[in-house]
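Asker: Use these hints to put chain R onto chain W, whose structure you have.
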Amino acid sequence: MKQTTGEDVVSLVKPGSVHRRLYDDPAIFELELEHVFGSAWLYVGHESQIRNPGDYFCTYVGRKPVVVVRSPEGAVHVLHNQCAHRGAMVVALDKGRADEFQCCYHGWTYHLDGRLKAVPLQHGYPPGFDPKSPSMAMLHIARVSSYRGFIFVNQSAAGPSLEDWLGYMTTSLDDMVDRAPDGEIEVAGGTFRHTYNSNWKLYLENLCDAAHPWFTHRSSIDAAQQQSDDAFSDGAGEIAIRQMRQNGAPYSFWESQVGIWTYPKGHSFLGDYHDDKKLVAALNDPTFRDYVDAMEAKKGKEETKRIMEVRRWNSNVYPNLSFMSQFQQLRVIHPLAVNRTLVCTYNFKLRGAPERMFHNTIRFANVVNGTGSLVLTDDLEIYNRIGLGISSEGAEWLQIGRGFQSDVPDEHRGRRGKNSTSEVYIRNMFDAWVDYMSDGDRAARPATQSLSA
Amino acid sequence: MDRPLRGSNRLDVRACELFLLHEARMLDEGKFDDWLALFTPEVRYWVPSEPGQESPLDTVSLIYDDRRLLETRVRRLSSPRIYSQEPRSRTSRIVTNVTIEEDPDPASTLVRSKFMLVEFRRNEQRIFGGTSFHRLTNADGEIRIAWKRVDLVNCDAPMDGIVVPF
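Residue numbers (the working numbering), protein chains in the order written: chain W, 968 to 1420; chain R, 4 to 169.
The shape of chain W in the complex, shown without the other chains (with noise of 0.2 Å):
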């Protein structure tokens, strides 16, 4: 059990509620990059945006800024981006391709791999000093592991591999590849950087929150449903409008229509709230009609119907993932600091499918993931005032109970809320948690849900 001053910090989770300091504590954040960051999968990008040899970008692992490279080989490296000599981070830019990495500061030379591979000035180092060895190198991250082009990875050498490790969730990544026609996929369109003066769990515990809408995005659902349809549009203003009318569906909707399945690591997805023919693929428009035909050509009828019926929302893949599979979305959360987090934002280009179907998964980007976005905007104020909120010290113990009584076991190992309103989501999240900060010694206590696993 971990302690931060002399307490065991998984008492702070309880069933049914979290203590705040959860949120706010510098130690406790720490603990977390260690025990929840430092032993989970992460993801760290996807295979095309390294497609060819020598191809990189530079990411976060945690806070460490790491290299993703693609060696002569072929293989993927994830390596510590940092200089074995004197420390300097080697890779500068964001992206780019490179034959060799080399640091500005002595020359120092590394292979893609990170081998060591020239040394200036070699003799002048004492009769021990070994180029070759492995520690005298650009570290390697200890896992790597790619599902279906989604490269992960994991700093601790033990542990699950990646496909057990994200159990059912295989499905919600399988749906991102399977609407592509030719089966293949690749990040396009740019991203969004969007940061926040809050913690990071916040983020993900918003994502499948089927009760906010209602309230946080009032201002942006009013606006929508008063905007004229007879004002002009390129395409970009009716999607975006047509997605903020959908937030504004009765709370009976979001009750009973939506669904929320929770799955064994902190993992789950929403079901999705769209009928919007406009939005959704599965319906019937000019340019899905397209699409689908595309689909079904590659797919024959009957897997592209298959497909087609697959409805999520968000899939959370806990720590730091977020996608939306039927909307080419995908949101890779970074703790910065216990109060601060940056979300990098990517879409997704369905090698087959029709160029208009991109457009509209870029308008699409701009209202739910956009820095300027009607829609977003109101939710990182959520974010800061919880920040704020918590440092009152008010109320100790913040409630996750919403359908605690609820909650019914799913097929595939999982929890789903019997309303889709349930918190069961968060609570699934905080018994990952506090596995992950015990080091997976439960020790008689009790799980946040009901149903204990």
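Mixed in with the good hints there might be a few duds.
Stated by the list, open to error - Here are some chain W residues pointing at chain R (derived, C-beta under 10 Å):
id: 1; residue: His-1161
id: 2; residue: Thr-1162
id: 3; residue: Gly-1204
id: 4; residue: Leu-1343
id: 5; residue: Lys-1385
id: 6; residue: Asn-1386
id: 7; residue: Thr-1388
Said to hold, decoys possible - FRET-style restraints, in silico, Cβ to Cβ:
id: 8; chain 1: R; residue 1: Gly-55; chain 2: W; residue 2: Phe-1182; range: 55 to 63 Å
id: 9; chain 1: R; residue 1: Pro-54; chain 2: W; residue 2: Glu-997; range: 33 to 41 Å
id: 10; chain 1: W; residue 1: Asp-975; chain 2: R; residue 2: Ala-160; range: 20 to 28 Å
id: 11; chain 1: W; residue 1: Gly-1021; chain 2: R; residue 2: Glu-53; range: 16 to 24 Å
Note that these hints are calculated values from the structure, not bench results.
Backbone N, C-alpha and C fix where the C-beta goes; we use that ideal spot for every residue, glycine too.
Answerer: Chain R in isolation, oriented as in the chain W frame:
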């Protein structure tokens, strides 16, 4: 000259500058309905997410509004329940370096300008700077914005939410 040249739809640089100053003032004073009235019915208002971004169609944008979405954006700005503007931002803009650019479209004038924008909200102040492009139309002295592009110098930086337009 403060007024457009007689017999031409083209605007001179002083008329353009005065128009841009008026637009900035409407935004700083929170007169968003008056700001919206400055745009044509077919306007596109664009804030790219990448330096040198070529298209708003195949790459995401910090803002890409057609007329319909711009109307909704402005309507939301006056909502009492726009929580991301509770409290409201205060802004101060400087618009300068106004030049008229070569424009193949004889019916409009393409104007380039530089801006600095200070935004203050809830104990935090942030600064934006960049280059604006306005395509202005002129019908009998009524100047309107047919297209506007704002290139922020930090357009691809991590940033907190953008609610008040540029």
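Asker: Holds or violated: is there a CB of chain R closer than 10 Å to the CB of Gly-1204/W?
Answerer: holds, 3 Å
Asker: Lying within 16 to 24 Å: is that true of the beta-carbon distance Gly-1021/W to Glu-53/R?
Answerer: About 23 Å separates the Cβ atoms of Gly-1021/W and Glu-53/R, which means 16 to 24 Å holds.
Asker: Identify whether the interface hint at Thr-1162/W stands, where standing means a beta carbon of chain R within less than 10 Å of its own.
Answerer: OK, holds: Thr-1162/W within 10 Å of chain R, min 5 Å.
Asker: Do the beta carbons of Gly-55/R and Phe-1182/W sit within 55 to 63 Å of each other?
Answerer: Distance hint for Gly-55/R, Phe-1182/W is violated at roughly 40 Å.
Asker: Quick one, is the Leu-1343/W hint okay against chain R at 10 Å, beta carbons?
Answerer: Given a least distance of 7 Å, the restraint on Leu-1343/W holds.
Asker: Mind checking the CB of His-1161/W against every CB in chain R and telling me if the closest is under 10 Å?
Answerer: Holds - the Cβ of His-1161/W comes within 10 Å of chain R, reaching about 7 Å at its closest.
Asker: Taking 33 to 41 Å as the hint, is the beta-carbon distance of Pro-54/R and Glu-997/W inside that range?
Answerer: Distance hint for Pro-54/R, Glu-997/W holds at roughly 36 Å.
Asker: Given Asn-1386/W as an interface hint, is the shortest Cβ-Cβ distance to chain R below 10 Å?
Answerer: Given a least distance of 25 Å, the restraint on Asn-1386/W is violated.
Asker: Mind checking the CB of Lys-1385/W against every CB in chain R and telling me if the closest is under 10 Å?
Answerer: violated, 30 Å
Asker: How about Thr-1388/W: closest beta carbon in chain R under 10 Å, or not?
Answerer: violated, 20 Å
Asker: With respect to the beta-carbon atoms only, verify the hint that Asp-975/W and Ala-160/R lie 20 to 28 Å apart.
Answerer: For Asp-975/W and Ala-160/R the Cβ distance comes to about 40 Å; the hint is violated.
Checked against the numbered hints above, the structure violates hints 5, 6, 7, 8, 10; every other hint is satisfied.
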